[in-house]
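*Asks:* Residue strings, one per chain:
There are 2 protein chains.
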Amino acid sequence: MEIKVVRQIMEWNENCHAELQTYLNEKKILMINIMGSPGTGKTTFIIKLIESLREEYNIGVIEADIAGKIDAEKIANMGIPVVQLNTDGACHIEALAIKNMLPEFDLDKLDIMIIENVGNLVCPAEFDIGEDLKLAILSIPEGDDKVEKYPLMFTRADGLILSKYDMKTYFDFDEDRVINNALNVNKDIKIFRVNSNKGEGIDDVREWIKAKMKI
Amino acid sequence: MEIKVVRQIMEWNENCHAELQTYLNEKKILMINIMGSPGTGKTTFIIKLIESLREEYNIGVIEADIAGKIDAEKIANMGIPVVQLNTDGACHIEALAIKNMLPEFDLDKLDIMIIENVGNLVCPAEFDIGEDLKLAILSIPEGDDKVEKYPLMFTRADGLILSKYDMKTYFDFDEDRVINNALNVNKDIKIFRVNSNKGEGIDDVREWIKAKMKI
Chain A
12 MEIKVVRQIM
22 EWNENCHAEL
32 QTYLNEKKIL
42 MINIMGSPGT
52 GKTTFIIKLI
62 ESLREEYNIG
72 VIEADIAGKI
82 DAEKIANMGI
92 PVVQLNTDGA
102 CHIEALAIKN
112 MLPEFDLDKL
122 DIMIIENVGN
132 LVCPAEFDIG
142 EDLKLAILSI
152 PEGDDKVEKY
162 PLMFTRADGL
172 ILSKYDMKTY
182 FDFDEDRVIN
192 NALNVNKDIK
202 IFRVNSNKGE
212 GIDDVREWIK
222 AKMKI
Chain B
12 MEIKVVRQIM
22 EWNENCHAEL
32 QTYLNEKKIL
42 MINIMGSPGT
52 GKTTFIIKLI
62 ESLREEYNIG
72 VIEADIAGKI
82 DAEKIANMGI
92 PVVQLNTDGA
102 CHIEALAIKN
112 MLPEFDLDKL
122 DIMIIENVGN
132 LVCPAEFDIG
142 EDLKLAILSI
152 PEGDDKVEKY
162 PLMFTRADGL
172 ILSKYDMKTY
182 FDFDEDRVIN
192 NALNVNKDIK
202 IFRVNSNKGE
212 GIDDVREWIK
222 AKMKI
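Here the protein sequences line up with chains A and B, keeping their order. Our numbering puts the first residue of the first sequence at 12, with every later residue one more than the last. Our numbering puts the first residue of the second sequence at 12, with every later residue one more than the last.
Keep in mind that the hints were calculated from the coordinates and are not lab data. The reader is advised that the hints may include incorrect statements.
The list cannot tell twin chains apart, which means a pair is met if one copy fits it or any two copies do.
[What the hints assert, rightly or not] Derived DSS-like pairs (lysine-lysine); straight-line CA-CA distance at most 25 Å:
id: 1; residue 1: K198; residue 2: K80
id: 2; residue 1: K225; residue 2: K80
id: 3; residue 1: K179; residue 2: K209
id: 4; residue 1: K223; residue 2: K80
id: 5; residue 1: K120; residue 2: K179
id: 6; residue 1: K198; residue 2: K38
All chains, please: the whole structure from these sequences, using the hints.
*Replies:* Dropping the structure here:
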């Protein structure tokens, strides 16, 4: 009985995900789902990515958090359309939440929709939310064993951002271990090295995203 | 219907939690539930805590991870009884899992049972697992906005460990913001500053735990 309920939720979610993908293809909007642990640097990365893309493309952002609107305020301060989605305790977002948020945007004017998922290396990886690209962010201070311990996120991501990359000086971080483990579970994953504070490495991500654009 | 199922799970979990607490009180075992984001430094903290307590007390450890046995191997190498609990994708552990693992230990010989929860700042906070103390670990690289964004963990913790404290030099981390926010949601929370790599600050945690011992 209990298992039945969970399976239906996943099935409903996949249906909604497919529906969103069709709709966003018609609108020629690329949706990017940004995931990673709390404090891995998702918001700072998004801000620098927006700065590097905003002259060419119109961008919208959905910020998902358990509580508060700290991140959405940062994006709004840039003059970028943003909605804060509070999950009230839920550890991830599902496709239906995105579907319900989209009417808050003028979609005919958008080329890219960036979703900042709830800070969590586990649950968000299980749910497709209408995205074209999943980006997993892993910061150097989190350590080099995370792919082995939280494999699903890295198995499902299209891109892996090694963030706070300048911190390699101060942490014992075996980069080869992470990259080999990531490629082992996901041979097509694209790996980037980024220091968002200084904008280093953002150009590579921008070029990769540009090649995926629908317009 | 769906809500009913979830409420029953929480109710069953609370019953199991209470049963475990009664049982562990009889056995005079203090159980500590260690929680925090992936890469916040839980395992390194536990290793240093064990080193500082093992001469006086007998300690057992349950390591919970989505996959793998990396952390359990580190504890086993210290000669400490340890069991690795793989959740196969689940983002937290529940009391029943602990109940099922306890027979793996010779409980008459233990004074302290340390549980390293799944790396996750969200879901583990919702589930009591028979513990006497909840310790939330937050590392400096994760940033100073985490209490506002993930309040439940800090609301429910007895102690807050600010880990990788030596990294304050390299990160823009407003310690007052974190402490004020933590005390705002949990006026009794005890705050510690720890650099586990060098063992700094571990003595304060040890003395606090010693005052809670059942023997």
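*Asks:* Indicate, hint by hint, whether the structure satisfies it.
*Replies:* Results of checking the hints against the structure:
In this assembly of identical chains, the alpha carbons of K198 and K80 lie at most 25 Å apart only when taken from different copies (23 Å versus 36 Å within one copy). For the homomeric pair K225 and K80, neither the shortest alpha-carbon distance inside one copy (30 Å) nor that between copies (43 Å) is at most 25 Å. In this assembly of identical chains, the alpha carbons of K179 and K209 lie at most 25 Å apart whether taken from the same copy (15 Å) or from different copies (18 Å). Neither within a single protomer nor between protomers do K223 and K80 lie at most 25 Å apart by alpha-carbon distance, with minima of 30 Å and 38 Å respectively.
Taking the shortest alpha-carbon separations for K120 and K179, neither the intra-copy value of 40 Å nor the inter-copy value of 42 Å comes in at or below 25 Å. In this assembly of identical chains, the alpha carbons of K198 and K38 never lie at most 25 Å apart, being 31 Å within a copy and 50 Å across copies at closest.
In this structure, the earlier hints numbered 2, 4, 5, 6 are contradicted, and the remaining ones agree with it.
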